[in-house]
Amino acid sequence: MLWQALTLQLGYNATLVAVGSTLLGIAAGVTGTFLFLRKRALVSDAISHATLPGVGLAFILMVWLGGDGRNLAGLLAGSALSAWIGLLSVQWLTRRTRLAEDAAIGAVLSTFFGFGVVLLTVIQTMRAGQQAGLGQLLLGSTAGMLFADAVLIAAGGAACLALTLILRRPMTLVAFDPEFAQASGLNTRRIDLATMGLVLAVTVVGLKIVGLILIVALLIIPPVTARFWTDRTGFVVAFAGLTGGVAGFVGAAISASASSLPTGPIIVLVSFALFAVSLLLAPGHGVLAAVLKHNRFQKRVHLRQGLLALAQGHPIYERYTLRLLQKRGWALADGMPTEAGKGQAAKALRDESRWEMLRGIAMHEAAAARYDGLTRIEAVLTADQIADLDERIGGPRPVTP
Amino acid sequence: MSPLELVTDPETQAAERASSPLAVRGLTVSYGQSPAVFSVDMTVVPGAMTAIIGPNGAGKSTLLKAALGIVTPLAGQVSVFGRPLSEMRDKIAYVPQRASVDWDFPTRVIDVVLMGLYRQVGLLGRLRGGHMDRAMACLERAGMSEFSGRQIGQLSGGQQQRVFLARALAQGAELYLLDEPFAGVDAATEKAIIAVLKTLREEGKTVVAVHHDLSTVPEYFDHVFLINTRKIAEGTVAEAFTAETLNAAYGGRLATGQIDQLVLAG
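Protein chains in written order, with our numbering: chain A, 1 to 401; chain B, 1001 to 1266.
Keep in mind the hints are simulated off the structure, nothing from the lab.
Don't take every hint at face value.
The calculated lysine to aspartate or glutamate pairs, modelled on EDC-like cross-linking and capped at a C-alpha distance of 16 Å, are [stated by the list, open to error]: (1) A:299 with A:318; (2) A:299 with A:372; (3) A:39 with B:1102; (4) B:1198 with B:1222; (5) A:39 with B:1104.
Here are a few chain B residues that sit away from chain A, every Cβ distance over 10 Å (derived from the structure) [to be verified]: (6) 1012; (7) 1026; (8) 1033; (9) 1041; (10) 1043; (11) 1136; (12) 1235; (13) 1259; (14) 1261.
Note that beta-carbon positions come from the ideal geometry of N, C-alpha and C, so glycine has one too.
Kindly produce the complete structure, drawing on both the sequences and the hints.
Next up, the structure:
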């Protein structure tokens, strides 16, 4: 069943949903990255909750005008408008009053959401509203997705993606160094509004599939996941799009393979799974890598300290150090060096004094920065440079063992 | 003639302002109700190195930021080479305080320098080999070319400052504005930065730096702008960096012996 879903063999509706979710995932991941880099991830929460009153008002307006209140394009237009008002309220509160952004987000989010819930309740009592199913926009629902809906989502997602890629340079610059951006003539406030506007557009486009409560997850989890794998902005953007897209596709497939699994929440759980794997296993920034790196580093430090102590005839107090030295056959149980240990100790001492000298020479700054306690100086300097160092150290030349 | 200011006739003043790389008139900036900078006039001398000095909280950085439009002034005019600021952005390079950005940001040294070429490359333009070469040359000038591929978080404070300097160099400007470029950097970096700034001056560029270490003012700079919310003095080091002006700016914060030492050093 799952395999069929993954290869798009579960029929028309499932295929529509899978394609739509994938595009939404990519657009949300890429757009959300700039929000994440700007450190304003939570603004997306205010935006998404502020869509609700717009949905209700649009429905009422469309029914009042004699149309079908459930027209998706109409509902999305209404939600975009009220989300925009919510966003401007957050901006205004943050800039013009003493409220910090987090407090402004909390105030706007709850007020708009509360108003939206009131409107939905009122709609429930209207004759036209009984089968409106507007509550589905809270958590998303793909059961009755129409082809027109899928086209709307795909086109909207693609447009957001294209605009984000066009604006990537100014948005990156403003996220990294707003003062410099302003000084070089960029209007940071306008760029910020553009970033938020794109997030808003993705949110609105995603209402049908993931719903307004969970869209935040699709905007934030992919960039956070991507950050574990790379230190470059462009790669974070690309990776976030990739994880978002994979989560959208796999999530849609899983939910299509069983009758009772909701699409939006499953997509969010899949992206969380990708996040969890990255958190633990990513090389460099992952938890496991960090633990391993720390242990390796600790071992190096202990070995080095132990050897230096041996070289200078100091006693070794730490048992871990002694155990490491013993394991290599460099010291005996009582802390006395073996013949091999004496040789290693002399080498370590000479290496250390060369590094010491290196640090004082401005020309070798980059090389000196690679000091970590065990990298031998031969790894960063040529033989001539080392000879030059020894020249500067002076005194009797250490005997090469 | 006022002892603190060399008064020239209005016509000469106007002519100086028109040719000045950065001229500020009646600039007032306020955070809340009390002004951080009050009614300041400044006329930067072309082709020279000017230090903006004054006690903590005197409005030095604010003056610079307001001159660049980073903070919006309550009142005042700014002109760059006699033209409005907005037309002259290309002529200005800016080095913000190092602490103003997040160094954990996912970007490499070379990418930061390339940000200085942003205006040239444009919104959609592709980064070409030429841009890359230019960025590398700027890193080289700042003594940081070996670090081009590093993540910026792995740099020391002094190295970070030199990356910022390289980015400003990439902007290829006529006027360089630096906010506390020597704050919290090692001696080697300070030397490297001052050497670069001096070559800029030799090339005829203008350098203005917010500076906090009074002892190096006579050695590094040729002009001084002393501020303590209001302008205290402006002129060459010999004219404006005197016991009298320092007393006026710092009040009781500097001991008499200290002042004599500073002024004699110049």
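Okay, which hints does this one fail, numbers in order?
-> Going through the list in order, the structure violates no hint and respects every one.
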